[in-house]
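A.B. asks: Start counting the sequence shown at 5; every next residue gets the next number (this note's numbering).
No lab work stands behind these hints: they were computed from the structure.
Just to be clear, a hint being listed does not mean it is correct.
Dumping the calculated SDA-like pairs for lysine to any residue here, alpha-carbon to alpha-carbon at most 25 angstroms [stated by the list, open to error]:
(1) Lys128 to Asn241
(2) Lys255 to Glu267
(3) Lys276 to Thr125
(4) Lys261 to Asp195
(5) Lys109 to Asn296
(6) Lys176 to Glu267
(7) Lys261 to Leu273
(8) Lys255 to Asn241
(9) Lys143 to Arg253
(10) Lys100 to Arg253
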Amino acid sequence: MEANFAQRMQISTAWIDADKFPRKPTSFLRFSGRFKEHKRHQVFVSAQFRPERDENRHRWASFQVSCSYKNSQVSTLESESLQDLFDEEALILKNKSQEIEPYLKGRCIYLVGMMGSGKTTVGKILSRTIHYSFCDCDKLVEQDVGVPSVAEIFEIYGEDFFRDKETEALEKLSIEHRFVVSTGGGAVIRDENWMYMSKGISVWLDVPLEELAQRIAAVGTKSRPLLDNESGDAYTNAFRRLSTLFKKRHKAYENAKARVSLENIAAKLGYKDVSNITPAMIAIEALEQIGNIL
């Protein structure tokens, strides 16, 4: 396969409608503004592929594309490495954070959403971007109780005990500033928790249940006390239980001041599903939605 990729390929004439180009690039290839001025172009493409791996074992193919229009050279486009793409996401995050930071005024950001929605991962990205501290509410409860996991707290003391401790943690955080807080999936079910979170900005990470079930089935349910101890197919069990929980909670999630929908992100980027959306993309959308309400 890689030997075939390394071969030089000549591709015959192709017609490209400029008005069909996406507003934002969805792949490595970019087109200059001058190139898009014309409605149709007869483009000759020559591509050289060079498969490589970076230090993190990510595989990518560097390639060079030459385009000509009316027998004259229009542009030469070269791909970027995976790290370059991450750098581009980082630049977008930086720009968006600079736009909203003056209006945040130190208010905490509370991420809410179902288990597996990426609150911790996205929260850490957001905190670094806007120069906030990050706090996982579940970790605060674990430290307070002196038990290493939420699953063990559920097993030893029960869910009601955990919920009480969760509320205590949110009460303490409500007087703090400059924190991005990852809340537990069930934190939204208590009105008093919303009272504490209302002093900051709440953001709902809305992920389709199918995607949540796939994520959870892939890593297991040992750390998910509300999903564990079920036999049978992991995906089917996770999807069924998540569906039940979501029916009870979705109205509560709608109380959030901002909503980040992965389905909406996928639609904007032209993706068929949400599985390829990166945490950085979610963080970018979160900053945009926060900016809309400030």
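A.B. asks: Compare the structure with each hint and give your call.
C.D. replies: Here is how each hint holds up against the structure:
1. Lys128 to Asn241: violated, 29 angstroms
2. Lys255 to Glu267: holds, 18 angstroms
3. Lys276 to Thr125: holds, 23 angstroms
4. Lys261 to Asp195: holds, 15 angstroms
5. Lys109 to Asn296: Within the cut-off at roughly 15 angstroms; holds.
6. Lys176 to Glu267: Distance ~34 angstroms between Lys176 and Glu267 Cα, so the pair is violated.
7. Lys261 to Leu273: Distance of about 24 angstroms is within 25 angstroms: holds.
8. Lys255 to Asn241: Distance ~23 angstroms between Lys255 and Asn241 Cα, so the pair holds.
9. Lys143 to Arg253: holds, 22 angstroms
10. Lys100 to Arg253: This hinted pair is violated, its Cα atoms lying about 30 angstroms apart.
Checked against the numbered hints above, the structure violates hints 1, 6, 10; every other hint is satisfied.
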